[in-house]
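K.L.:
For the record, the sequence lines run as chains A, B, C and D. Quick note on this note's numbering: the first sequence kicks off at 38 and runs consecutively. Quick note on this note's numbering: the second sequence kicks off at 250 and runs consecutively. Quick note on this note's numbering: the third sequence kicks off at 972 and runs consecutively. Quick note on this note's numbering: the fourth sequence kicks off at 82 and runs consecutively.
Keep in mind that the hints were calculated from the coordinates and are not lab data. A hint or two may mislead.
To give an idea of the interface, some chain D residues facing chain C are shown, with a C-beta separation under 7 Å as derived from the structure [what the hints assert, rightly or not]:
{"#": "1", "residue": "Leu103"}
{"#": "2", "residue": "Glu107"}
{"#": "3", "residue": "Pro117"}
{"#": "4", "residue": "Ala118"}
{"#": "5", "residue": "Leu187"}
{"#": "6", "residue": "Val189"}
{"#": "7", "residue": "Asp221"}
{"#": "8", "residue": "Gly223"}
{"#": "9", "residue": "Ala224"}
{"#": "10", "residue": "Ser291"}
{"#": "11", "residue": "Val294"}
{"#": "12", "residue": "Ile296"}
{"#": "13", "residue": "Gly419"}
{"#": "14", "residue": "Ile449"}
{"#": "15", "residue": "Val453"}
Negatives, chain B to chain D, calculated, CB over 12 Å [unchecked claim]:
{"#": "16", "residue": "Met264"}
{"#": "17", "residue": "Phe269"}
{"#": "18", "residue": "Leu271"}
{"#": "19", "residue": "Thr272"}
{"#": "20", "residue": "Asp310"}
{"#": "21", "residue": "Pro321"}
{"#": "22", "residue": "Ile335"}
{"#": "23", "residue": "Ala351"}
{"#": "24", "residue": "Cys362"}
{"#": "25", "residue": "Ile377"}
{"#": "26", "residue": "Gly379"}
{"#": "27", "residue": "Pro391"}
{"#": "28", "residue": "Phe401"}
{"#": "29", "residue": "Thr406"}
{"#": "30", "residue": "Ala442"}
Values in this document were obtained by computation on a predicted structure and should not be read as measured data. Beta carbons: idealized from backbone N, C-alpha and C, even for Gly.
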Amino acid sequence: MTDEASPDNKQPESTPPPAPTPKPAPASPAPAPQAQEEQVEKEPELPKLVVDVCATIGELKPYASESDTPAVEVAPADLVKSLTTLRDNPDFAFSMLMDHTAIDRIDDGQFELVYRLYSISTLSMLLVSTKIPRDNPVIPTVCEVWDIAEWQEREVYDLFGVLYDNHPDLRRVFLEDDWKGFPLRKDYEDDFMLTLDVDKLR
Amino acid sequence: MGLATEKAPEYIERMPGGSFMLTRMDQVINLARANSLWPLTFGTSCCAIEMMMATGASRHDIARFGAEVARPSPRQADLIIIAGTIVKRMAPRLRTLYEQMAEPRYVIATGACTISGGPFIYHSYTTIRGADEIIPVDVYVPGCPPRPEALFYGLLTLQKMIKSGETVRKPGIRKKPVLSALPPDVSMKEIEAQMQEALEKDSEVDVEKTRQGLKWPTGI
Amino acid sequence: MLDFLFGQLVATHATFDVVTLSDRTTQALAEDPWLAAGYALLGLAGVGGFLSLLGMALIYVERKVAAHFQCRLGPMRVGWHGMLQSVADAIKLLLKEDIIPDRADRVLFLIAPVFSIIATTLGLILIPMSPSLQVVDLNIGVIFISAVSSFGVLGILLAGWSSNNKWSLLGAMRAGAQFISYEISVTLSLLVVTLFAGSLQLSEIVQSQQDGWWIWRGHIVGLVAFFVFLIASTAELNRPPFDLPEAESELTGGFHTEYSGLRFSFFFLAEFINMFIASALAATLFLGGWMPFHIGGLHTFNGLMDLIPPGLWFAGKTTFIIFLIMWVRWTFPRLRVDQLMRLEWKFLLPVGFINLFAAATLVITKLYFFPW
Amino acid sequence: MAVKVSTLDERIKLTDSADSPLDTQEYFINMGPQHPATHGVLRLMLKLDGETVREVIPVLGYIHRGIEKIGEHSTYRQFVHLTDRCDYLSAMMNNWAVSLMVEKALKVELNDRIEYIRTIMAELERIQSHMLWWGVLGMDLGAFTPFLYGFRDRELITDIFEETIGCRLTMNYIQPGGVMDDIHPNFVDRVKKVIEYAKPKIDEYEELLSGNVIIQERLRNVGVLSADKATSLGVTGPVLRASGVPLDLRRVAPYGVYDKVNFEVAVGSVGDCWDRYWVRIEEIRQSMSMIEQLIDNIPAGKTMLMKPAKKTVLPEGSHYAQLETARGILGIYAVSDGVSDKPVRIHMRSPNYNNVWSADEMTRDSRIGDLVANVSSIDIVVPDIDR
């Protein structure tokens, strides 16, 4: 990339990614320029958005895992409440649920659910992450907050088997209703599916 | 097929010169069928765009071959051009569409996905590996996606097949066109062996071993 | 002036004796029954042959016209420039498997296409193509044609109902509503011409246009009636922009979704022949039918026009209107159902009534454009 | 907590019944997966009351190939191939999204030549995609001729692609670290010629369809989607912009060289089909002007900065990049473990998946004909919905 390091973070409200970039975007008011230029192994400072959000909403914590988007973490029980605040608070105004998906962290025995919020007025993006146990994947739905959540959650249910509580119409979206298993889980097995491990063949 | 093709041949054959007439009749019928292939509007993915390009774009213009009358209803279509990947959920529908079509019906499979599964063979839990697992295919047109010209070649091959193949006495039996003749003293086995050798050499993949390791599907 | 120059070279106002095939048969019946039977057979074979040949020709023309509108060539492989394409299609359709869906109403399913084609044939025999080329000349021709053309929708309704397919039913219901609505407008514009001509007999209507065609002799009234007729009859033909009963992108195949092979080809054929009938009717009523282009009083000019045989006049006019209908088809998008109904009940119907009233006033006051 | 999981059969069960013989009864009708107006294999269950559509239930999955699962077993460079086959009408923009994600994660700096070529290619792709949409919209509304005209002009752009890339549809041209190959020597001239040819053609399109009174009747005030509802539905691209939200990533978060060109973001006001139509027609014009600004100034430089044969391992963590395709915002979300050259999880935020659900909101209580117009004006590509 020439001078726009990341399309999502070039907004004045948001900041460059927490990871050090070789060439920060000139227009953005970077809070930690030293960290970026010195390239030292050092805990990167939190983006301003994350600090603001965590200060306003008590349930949110900065997300520990490395991500190039400002990210916060929340407990499943506080999810709906905090997401509603994020949408309604005029300082953030995350009016759009850009994306919602899950990651199968099979080693930790958890599903990580990722909500990617986008604000049209401030043009900033926030990643809200929450973790639920793999053996009992139940989480409250956020259909009330954004309309599109209904179908994005259905996709996650279809492919991962995450159950959404209070969902108005929880059924499979891509696969047939009588499909066994949830294909995007890491331990999914299927007689039909062919697997090819190129490394092993060599 | 009606009276003309079921009962009439028996009577005609008994007449003097009847078999000659039957042959002529076959020729006329086959010519008519070959030149009036109405396709079903069916397309699942990328190949459908190239198919539409062949039918739609004025540069290619499939109408020249009399095949532009795309029918949305399978009852009126003669030809189904399977354009695009067929997945498990679509497979029964494709079968239904094929069965709803009236005899004689013809199938062209275009693109890698419909021939073998294409780029979606491995690790895909839904892709059917070849549309011929579901319905009989007359002509395969390779490519990803095939150009409109390739589709025309497939269509012309199908026309050739129909013209030389079916007879009134034996409907539904088609002679597959021989695309290239073998040299006189070479057998198919030798060619297969050579191909396997070439494959192993290029990709350094043990085909035999791979084949044993694979679990091929038994059904849909 | 012209009369002075040419003198008696050209006969003024050649009169046309209308002799229909039914007239000939009746005459022959008195003299020689075998001749009468021959005439009857000729009529049957003629109508049947004409029907199928015309259908195939029209389908070919339609495909070619469409292709050339769209900067392509159209059928090119079968015969010279694809001339035999329709023949190939016909043979193929004849020999296709005849599928009757399992849950369909068998009897109705089988007779529906026949209804359609019979209605078309009955309409065809009335068309005066030239003074000597007309099968039957009824004295209530106009009423008969409008009655028979409504009969065709019965076939469509039956087809949609008996197929036991929701799309077919939707298409059939649309067709029924459309037919009933637009039939009114067609009849209203037909009435305008019958008012002018003072007759319901098609050959007499043609004869009445000896001094000029009704489209311009009837002032603006004739012109308006012509356009109303054209729009409404296009709607009755189920052709775009009014092809809602078989709207491909909405209802897949509409009422003929479940039909295959021969039965489907009946609908196909009926559609094209109906187009011919509508065009021929428009030509007969408004453009003088087989009557050459005459201007009342200019005898020499009229005589020159008479040199062209009436059959050619009829063919030319009909072809022009057919081309017009095809042109519309390949240019315009489709209307929506409620818009279609709105066009009829809120626009065409009032216009038709006002036009009829104006026509009646004109006839009573004798305010023709060329009063001589 | 017991979470109730329903099935399609339960969903399409009719709850109301006619009380008296004069009452009308609603019924379900199945549209698709093989239907001319569903652009492939989308299946719509329509709850109808006579001709009036009460509810639209899209049923997906008829081309669900499990691309995200395949992506977990393929390298990022291999995944680029698969994105071609998702939204095949903006194939290069899909490639670009993956490349952008990889480059962002690895902090690869690209030179201007690559950025220029990418931007020009993406805009050409956008033009051809919109041209095809225009033709298909015409066909859905019952006019067959626009279909042919749209395809005729699209063919010329496909020729340009073919000359440089060797492919007509699934390009696989934009790769992580650059572009596959340098542009063909004829490229600049041909693009100029095509733009020169196509500019008056757009006016011809407008003459054929836009001015037509039937088109106006069919599109105006049909399928109105308010800005709030559109935002809540996560709709992006021309559909969102037609509702009056000027969200265009090319403007608000420029990638490529979009910050160096002048262009206007077409924004509608009502959010009906007509606005969506107009926004796309205007976008063709803007794309042409963008290409005109860029085509003469392609600087010199290398076209591939990352060695294709080298193993590409992204740093540990999640990476996301998004850009504006012809249909909306495409986001590629990848989670890497920092060891393998294959992602732990790769997810596509496809614009079509989010857009298709707005069909229900648009179509409620209007006719079947309106449904066709709405689905057409959303401009869906079904393989991108299903992936």
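K.L.:
Would you mind marking each hint as holding or not holding in the structure?
P.N.:
Comparing the hints with the structure gives:
{"no.": "1", "hint": "Leu103", "verdict": "violated (17 Å)"}
{"no.": "2", "hint": "Glu107", "verdict": "violated (12 Å)"}
{"no.": "3", "hint": "Pro117", "verdict": "holds (5 Å)"}
{"no.": "4", "hint": "Ala118", "verdict": "holds (4 Å)"}
{"no.": "5", "hint": "Leu187", "verdict": "violated (47 Å)"}
{"no.": "6", "hint": "Val189", "verdict": "violated (46 Å)"}
{"no.": "7", "hint": "Asp221", "verdict": "holds (5 Å)"}
{"no.": "8", "hint": "Gly223", "verdict": "holds (3 Å)"}
{"no.": "9", "hint": "Ala224", "verdict": "holds (4 Å)"}
{"no.": "10", "hint": "Ser291", "verdict": "violated (11 Å)"}
{"no.": "11", "hint": "Val294", "verdict": "violated (9 Å)"}
{"no.": "12", "hint": "Ile296", "verdict": "holds (6 Å)"}
{"no.": "13", "hint": "Gly419", "verdict": "violated (51 Å)"}
{"no.": "14", "hint": "Ile449", "verdict": "holds (5 Å)"}
{"no.": "15", "hint": "Val453", "verdict": "holds (5 Å)"}
{"no.": "16", "hint": "Met264", "verdict": "holds (45 Å)"}
{"no.": "17", "hint": "Phe269", "verdict": "holds (43 Å)"}
{"no.": "18", "hint": "Leu271", "verdict": "holds (37 Å)"}
{"no.": "19", "hint": "Thr272", "verdict": "holds (38 Å)"}
{"no.": "20", "hint": "Asp310", "verdict": "violated (9 Å)"}
{"no.": "21", "hint": "Pro321", "verdict": "violated (5 Å)"}
{"no.": "22", "hint": "Ile335", "verdict": "violated (9 Å)"}
{"no.": "23", "hint": "Ala351", "verdict": "holds (16 Å)"}
{"no.": "24", "hint": "Cys362", "verdict": "violated (8 Å)"}
{"no.": "25", "hint": "Ile377", "verdict": "violated (10 Å)"}
{"no.": "26", "hint": "Gly379", "verdict": "holds (14 Å)"}
{"no.": "27", "hint": "Pro391", "verdict": "holds (14 Å)"}
{"no.": "28", "hint": "Phe401", "verdict": "holds (15 Å)"}
{"no.": "29", "hint": "Thr406", "verdict": "holds (21 Å)"}
{"no.": "30", "hint": "Ala442", "verdict": "holds (30 Å)"}
Of the numbered hints given earlier, the model fails hints 1, 2, 5, 6, 10, 11, 13, 20, 21, 22, 24 and 25; all others are met.
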